[in-house]
Structure formats: structure tokens, C-alpha cells
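> The first sequence begins at 1 in the working numbering and counts up by one.
Take these hints with a grain of salt, some might be off.
Derived SDA-like pairs: lysine to any residue, alpha-carbon spacing no greater than 25 Å straight-line [what the hints assert, rightly or not]:
hint: 1; residue 1: K232; residue 2: T207
hint: 2; residue 1: K232; residue 2: R125
hint: 3; residue 1: K237; residue 2: G256
hint: 4; residue 1: K46; residue 2: P104
hint: 5; residue 1: K232; residue 2: D204
hint: 6; residue 1: K232; residue 2: H242
hint: 7; residue 1: K237; residue 2: Q247
hint: 8; residue 1: K46; residue 2: R56
hint: 9; residue 1: K232; residue 2: V217
hint: 10; residue 1: K46; residue 2: P69
hint: 11; residue 1: K202; residue 2: T268
hint: 12; residue 1: K46; residue 2: V26
hint: 13; residue 1: K232; residue 2: S155
hint: 14; residue 1: K232; residue 2: I272
hint: 15; residue 1: K232; residue 2: P252
Label pairs and their in silico Cβ distance ranges [unchecked claim]:
hint: 16; residue 1: D67; residue 2: G266; range: 38 to 46 Å
hint: 17; residue 1: D67; residue 2: V243; range: 42 to 50 Å
hint: 18; residue 1: R200; residue 2: W245; range: 18 to 26 Å
None of these hints come from the bench; they were simulated from the model.
Glycine included, every Cβ here is placed at the ideal spot set by N, Cα and C.
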Amino acid sequence: MPELPEVERARCLAASVAERRVIDRVRCADDRIVIEGVTPPTLTRKLVGRRVLAVRRHGKHLWFELDRPPMPLFHLGMTGAFHIPDGEHLPLQSSIDPGEQWPPRFWKIQIEFSDGGQLAMTNARRFGRIRLRECPEHEPPIDQLGFDPLLDLPSTRSLIQQISTRRASLKGLLLDQSFAAGVGNWIADEVLYQAGLDPRRKADSLTTEEIAELRRVLGRVIRTAVRVNADKSRFPKSWLFHVRWNQNTQNPTLDGESVQFLRVAGRTTAWIPSRQH
DNA sequence: CTCAGTGTTCAGTG
DNA sequence: TCACTGAACACTGA
Numbered sequence: 001m002p003e004l005p006e007v008e009r010a011r012c013l014a015a016s017v018a019e020r021r022v023i024d025r026v027r028c029a030d031d032r033i034v035i036e037g038v039t040p041p042t043l044t045r046k047l048v049g050r051r052v053l054a055v056r057r058h059g060k061h062l063w064f065e066l067d068r069p070p071m072p073l074f075h076l077g078m079t080g081a082f083h084i085p086d087g088e089h090l091p092l093q094s095s096i097d098p099g100e101q102w103p104p105r106f107w108k109i110q111i112e113f114s115d116g117g118q119l120a121m122t123n124a125r126r127f128g129r130i131r132l133r134e135c136p137e138h139e140p141p142i143d144q145l146g147f148d149p150l151l152d153l154p155s156t157r158s159l160i161q162q163i164s165t166r167r168a169s170l171k172g173l174l175l176d177q178s179f180a181a182g183v184g185n186w187i188a189d190e191v192l193y194q195a196g197l198d199p200r201r202k203a204d205s206l207t208t209e210e211i212a213e214l215r216r217v218l219g220r221v222i223r224t225a226v227r228v229n230a231d232k233s234r235f236p237k238s239w240l241f242h243v244r245w246n247q248n249t250q251n252p253t254l255d256g257e258s259v260q261f262l263r264v265a266g267r268t269t270a271w272i273p274s275r276q277h
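Using the sequences and the hints given, assemble the complete structure.
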């Protein structure tokens, strides 16, 4: 699930149970792929007793700012999510299906807080990672990332500089986390569709006006998705998003225009040839 | 049974 | 060395 808006939703969920609380108890799954660079017992020992000051995010990475390092850093991979027990109060919608068991299937870490609140991270497909960092923002992988389009969208001027030297396809550029952190496959397609740009266009072929429009659309798509808490059913009806999953159905259309599928930069790409040039 | 897949990394290429 | 591409990764669900 996780592109920037879904990771932001996970951040809010985690913040609602973790911030200002002390970590009382941790259970780590015995998974040396997801739990990377640290053994589960060590991870547990480093977290227990710490107070969570804030839950922060850059791109698709999220981490706990604790009262003392090291800090746990999470990446959800393709299938990761955060969960809280059914019935626990929340200002936002619950992230779990009602009636789901606790702990949730495929849990990798469970954290219990001083006030009784609980948080779990799941990861069925094991592309996610849990790591420890002394200072997450100033170490890899976060210090390798480009701008976060929600937290600090660059000026058009700065974007022109960044884009004009790149020869990758627009699709490839948008997916490059060292360019724009948090953009994934569906957001890249949505942005290129709304900006009217062919996903195969080379980045350095864009005009100033096209870059300005790309910037505007990128900011708008991300803010809109975050505003509705990454709830797909609340994305605007006009979005390509709603038809991009219908690859199997014959002749998907949007506004009467035909949706096509391509492979660009190694990823399935949905686009509307009559609207993107 | 086969295959695609919302992500990242790494080997290979130009 | 750099920028970029495509395969590999691990596993579920269609």
C-alpha cells in the first residue's frame, strides 16, 4: 500500500498511540530480513524504557524520535502497515479490519506503551525494514533521499535546475527516491496524467511551463491524498487512480478516453495517450 | 499452477 | 564515475 500518503497515515496512527508515551514492552519477530542490522533482542533492549517524543517521516521512511538514541526507523516495503488493537480510541480511522485478531497476521514488531496503548507493524511480503539509527535524518537511507513533496516542495526555479540535467524518462525520474522521496508507481502515473505529460518523455525535454505545471500537480495530488488520509474511496472521481487497477478489464476508459498500459522504467504504467504528450 | 505486484537494491550497460 | 535500466528479492492473492 505504501506511498507517501499511506506512510503519512501510518505516521499519524503511530503518533496517536506513541507520542509522549514510554515504551514498556517490545516483541520482535524472529525475522532477520525485515529486522536489519540488529538482532531482535538488541532492538527490544534499545527501545524498552524510552520515551517517544515524536513520530516523523521523510518520503516513505518513518521513525520514532526518542529521548535517547538510537531511534527505530521503519520502511513498509510493498505490503507493510501499522495497526492498533480493535476498539482502541483514535482520532483517525482505524487501520485494521474490524474483528481482526491481535496481534495481526504477519506482525514483525509489537510495541506496548506506558498507558496500555499498543502498536504493531506487519509486513507480509518482507520487503519492509526495521532499522536502528543514531540520527536518522543524517544517515542513510534518509540522507540519500530527495525532497519530500508534502514537507518541502521545491520552488519552480529549483525544480528546473534539478530536472534539466536528467535524461531519464519522466516516469523514471518521478520514481527516483533521490529526486522526489515518497512518489511511487500510482502517484507517478497520476501526476503525469494530470500534468498531461507522456511518461516516456525525457526529463530534459520539458519546457519551463511544463515543469511549473508538473510541480503544481505533484503538490496537489500529494496534498489531496493526504487530506483524505490516503482513503482511496475519497480520491476525486476524476483521478486516473480509479481505473489504473483495471488492467485486466478490456478497454478501460476515463472521460471516454482510452487508458493504455506500458512498461516504463521497469514498472507498469497507466496513461491516456490522447491526453499526454 | 502461473503471474503480477503500491518498493528497493544491485549488477550491468553506455 | 555517473546516470540509468532491468532483474532479483519474498511472498500473497488473483
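> Of the numbered hints stated earlier in the document, which are not met by this structure?
Structure breaks hints 1, 5 and 13.
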